[in-house]
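*Asks:* Sequence:
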Amino acid sequence: MRIDFMKYLKTYNLIFFLFFASNLLFAQTGDEEAMLNQAKLRDQEQIDKALNGWWKDSQKDNANRLAWWTDARFGMFIHWGVYSLPGGEWKGKKVDGYAEHLMRKEKIFRAEYLDVAHQFNPIKFNADEWVKAAKTAGMKYFIITAKHHDGFALFDSKVSDFTLAKQSPWKHDPLAELQEACKKQGIKFGFYYSHAFDWEHPDAPGNDWEYNNPGGDKLLFGGANWFDRHPELLPNAVKYVNEKAIPQILELIQNYHPDILWFDTPGKLPLSENIRILEAIRKSDPNVVVNGRLARASNLNLGDYQNTADRPAEFFPVKGDWEAIPTTNESYGYSKFDKRHKTSAFLIQLLAKSASRGGNLLMNIGPKGDGAFDVADQKILTEIGKWMAVNSESIHGTSKTPLTLQPWGVSTQKDNKLYLHVFNWPSNGKLIVGGLQSEITKAYLLTVPNKSLNFSRVNPSDLEISVPKKAIDTASTVIVLEIKTPVKVDDVRLLSSASNTSNQLLAFDANLIGKGFKFGDGKPGRYYVEGFTSNAQEINWEFRLLKATTFNLLLKYSADNQNAGDFDVIVDGKVFKKSSAKTADRVDTVIEIDLADLSLNTGQHKISIKPSHILKIGLMRLMEIDLLVK
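Sequential numbering from 1 applies to the sequence shown in the numbering used here.
The hints are simulated quantities; they were obtained by calculation from the structure and are not laboratory data. Be careful, since some hints might not be right.
[Claimed, not checked] Straight line, CA to CA, 25 Å or less: simulated DSS-like cross-link-like pairs of lysine-lysine:
1. Lys184 to Lys171
2. Lys518 to Lys606
3. Lys283 to Lys158
4. Lys166 to Lys107
5. Lys60 to Lys339
6. Lys368 to Lys386
7. Lys135 to Lys379
8. Lys400 to Lys518
9. Lys93 to Lys339
10. Lys368 to Lys93
11. Lys94 to Lys417
12. Lys166 to Lys239
13. Lys606 to Lys630
14. Lys469 to Lys630
15. Lys105 to Lys93
16. Lys124 to Lys60
17. Lys183 to Lys368
18. Lys417 to Lys336
19. Lys218 to Lys105
20. Lys400 to Lys442
21. Lys132 to Lys94
22. Lys386 to Lys56
23. Lys400 to Lys488
24. Lys336 to Lys368
25. Lys336 to Lys132
26. Lys188 to Lys336
27. Lys417 to Lys442
28. Lys188 to Lys135
29. Lys386 to Lys132
30. Lys610 to Lys574
31. Lys124 to Lys368
32. Lys417 to Lys339
33. Lys218 to Lys94
34. Lys135 to Lys91
35. Lys135 to Lys400
36. Lys368 to Lys91
37. Lys94 to Lys386
38. Lys523 to Lys577
39. Lys610 to Lys578
Every value quoted in this text rests on a predicted model; they were computed, and no experiment measured them.
All chains should be built: construct the whole structure from the sequences, respecting the hints.
*Replies:* So this is what it looks like as structure tokens:
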């Protein structure tokens, strides 16, 4: 038999190539799995060391350490640094986004950034005035950026030359001056420190324009989990942590004795490094409060409390102690172009909402490069201060409300007092408090404590209070109820039947049936529930009515490219079939669907949303259902 040698050779080469390629692929897959397993072991080693040792010991004093913080409820956040001088402008061009991210947004090299630092001379800075503004606004603690992501320290660090003391013509120690001012005025004091991002340091994560480092916008070396996929790069970051981050944090602790330390963006470093940093802090000062953005994973938070998202409009459910960080406009650092300031009423109501849910509000101000506050920020602080001057009792030292949600506002509690923060004042002079079953001994306006308000029982669960026809404060008028404790409540919320009112049923406040749901971050247009991926899931709300009412039902969701489908809206068994889809060019556009006009009788009701046909990854990112009284 004659053999075609060339054909045989080609066939052999092909088989050899396929064998080699498959083995190479297996080896690569095996290597990657091995690296990921090593990463898990690396993190787990630090977790075990913490949970079985130093962290476990530190938790014995957690309540005492947090006592002042939980009592405070309201604090001032300050983002201020070299970036404040250009104020959102670079080489004559407006720079969008957070002004404190100027270095990253414009890909500025270290040397050029130092040119800006050499001009940083904030002659209008006055520590006493800053702290006084916070105190007058009713704030109990004060946190300033000692080092932000740009890596520039506002103190005389011995481990770096990238500092205010070494690079600025302004020969001050603003941190020492602020510490002294806070001490004089009875305000707790602390620092924001960017431990995981450092754009000036050649070994730190973040700077991918000058150093080609991981952790930046280019998503180099595997993107977010670069330290697991490329462990050979981790020693550089460890070197940065050992030689700059930890030493500077210890300098802050030893030189200024802060009451609180605030960290951010922990995902830029592996969990093991974040835990190491926390261990160094705990060894240096067991009493300093540490926020929840240093050492956390999916089901682990080694901080003293939890942090929610930036710039919130609504709050997703959080268990335990937590803190939210709104800013007066949209940028945290000063931007001369950002005129999108919130109203003082919005921020006052946000403060009351956070306290009612057992959280703190750390409100940010971005001072200008010359050290002065923007006029719009001063106005907001002044107006909040006027409200807090007569209503602070309803915020400081309060705890999460025992009452269910109310159509007129929110409530807080302190000892035997319930504080009703009424945002929507009843035009008929009758305020209905839903679900309060406890005996009431007295009712009065917080600003007029010597004049009692009349009240009576509507039924065993609901109370009616006679109030003035006009609200004392349109942002929030506070009514105090003195009650017999412990508080007894009906957990089913009562909706308003008053003409032309709207009852807002947030997805954040719904009953979520099934697994896989996730919360949006709570920013405007992003207070949604997503992960609606199965026909077995359900979102529902239960509520009560005191009288028969006709409503117009509206549904709102946030549009995106990943969700669309058909769903049923079920009201007491009656089914309305609807569809969701992306109907706008821009993601996060709020879509509103008119569901139906519906008449409901006195008593308890239930609205449910169930998928019937999911067309994409999920059904929709549900925000709320509104029941508008007709």
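*Asks:* Now look at each hint and say whether the structure bears it out.
*Replies:* Cross-check of the supplied hints:
The suggested pairing of Lys184 with Lys171 holds, with an alpha-carbon distance near 22 Å, which does not exceed 25 Å. Annotation: proposed proximity of Lys518 to Lys606 holds, straight-line Cα distance about 22 Å (limit 25 Å). This hinted pair checks out: Lys283 and Lys158 have alpha carbons roughly 20 Å apart, not beyond 25 Å. Restraint check for Lys166 and Lys107: the C-alpha separation of about 23 Å stays at or below 25 Å, so the hint holds.
In summary, the hint linking Lys60 to Lys339 is not supported, as the alpha carbons are separated by about 46 Å, beyond the 25 Å threshold. For the hint linking Lys368 to Lys386, the alpha-carbon distance of about 24 Å falls within 25 Å, and the restraint holds. Between the alpha carbons of Lys135 and Lys379 the distance comes to roughly 15 Å, so the proposed pair stays at or under 25 Å and holds. The hinted pair formed by Lys400 and Lys518 meets the criterion: a straight-line CA distance of about 23 Å does not exceed 25 Å.
Only pairs whose Cα atoms come within 25 Å are accepted, and Lys93 paired with Lys339 is accepted, the gap being roughly 17 Å. For the suggested pair Lys368 and Lys93, the alpha carbons sit about 18 Å apart, so the restraint of at most 25 Å is met. Between the alpha carbons of Lys94 and Lys417 the distance comes to roughly 50 Å, so the proposed pair goes past 25 Å and is violated. Among the hinted pairs, Lys166 with Lys239 is consistent with the structure: their alpha-carbon atoms are about 23 Å apart, no more than 25 Å.
Of the pairs offered as hints, the one joining Lys606 and Lys630 holds, with about 19 Å between alpha carbons and a cut-off of 25 Å not exceeded. Only pairs whose Cα atoms come within 25 Å are accepted, and Lys469 paired with Lys630 is accepted, the gap being roughly 22 Å. In summary, the hint linking Lys105 to Lys93 is supported, as the alpha carbons are separated by about 12 Å, within the 25 Å threshold. The suggested pairing of Lys124 with Lys60 is violated, with an alpha-carbon distance near 44 Å, which exceeds 25 Å.
At most 25 Å may separate the alpha-carbon atoms for a hinted pair to count; Lys183 and Lys368 meet this at roughly 24 Å. A distance of roughly 44 Å separates the Cα atoms of Lys417 and Lys336; the hinted pair therefore is violated under the 25 Å criterion. Taken as a hint, the Lys218 and Lys105 pair is honoured in the structure, with Cα atoms around 12 Å apart against an allowance of 25 Å. Proximity of Lys400 to Lys442 is assessed by CA-CA distance (about 21 Å); at most 25 Å being required, the pair is judged to hold.
For the hint pairing Lys132 with Lys94, the CA-to-CA distance comes to about 32 Å; that exceeds 25 Å, so the pair is violated. With a CA separation close to 43 Å, the supplied pair Lys386 and Lys56 exceeds the 25 Å bound. A C-alpha spacing of about 14 Å is found between Lys400 and Lys488, which places the hinted pair at or below 25 Å, so the restraint holds. For a cut-off of 25 Å, the pair hint linking Lys336 to Lys368 stands: about 8 Å separates their Cα positions.
Only pairs whose Cα atoms come within 25 Å are accepted, and Lys336 paired with Lys132 is accepted, the gap being roughly 24 Å. Of the pairs offered as hints, the one joining Lys188 and Lys336 is violated, with about 30 Å between alpha carbons and a cut-off of 25 Å exceeded. Distance check on the hinted pair: Lys417 and Lys442 sit about 10 Å apart at the alpha-carbon level, within 25 Å; holds. Restraint check: the Cα-Cα separation between Lys188 and Lys135 comes to about 11 Å, which is no more than 25 Å; the hinted pair holds.
With a C-alpha separation of about 14 Å, the suggested pair Lys386 and Lys132 falls inside the 25 Å cut-off, and the hint holds. Proposed proximity of Lys610 and Lys574 is supported: the alpha carbons are some 13 Å apart, at most 25 Å. Restraint check for Lys124 and Lys368: satisfied, since their Cα atoms lie roughly 9 Å apart, inside the 25 Å limit. About 39 Å separates the Cα atoms of Lys417 and Lys339, which puts this hinted pair outside 25 Å; it is violated.
Using a Cα cut-off of 25 Å, the hinted pair Lys218 and Lys94 holds, with the two alpha carbons roughly 22 Å apart. With a C-alpha separation of about 37 Å, the suggested pair Lys135 and Lys91 falls outside the 25 Å cut-off, and the hint is violated. The suggested pairing of Lys135 with Lys400 holds, with an alpha-carbon distance near 23 Å, which does not exceed 25 Å. Of the supplied pair hints, the one linking Lys368 and Lys91 holds, its CA atoms being roughly 18 Å apart against a limit of 25 Å.
For the given pair, Lys94 sits about 35 Å from Lys386 by alpha-carbon distance, which is inconsistent with the 25 Å threshold. Using a Cα cut-off of 25 Å, the hinted pair Lys523 and Lys577 is violated, with the two alpha carbons roughly 29 Å apart. Annotation: proposed proximity of Lys610 to Lys578 holds, straight-line Cα distance about 10 Å (limit 25 Å).
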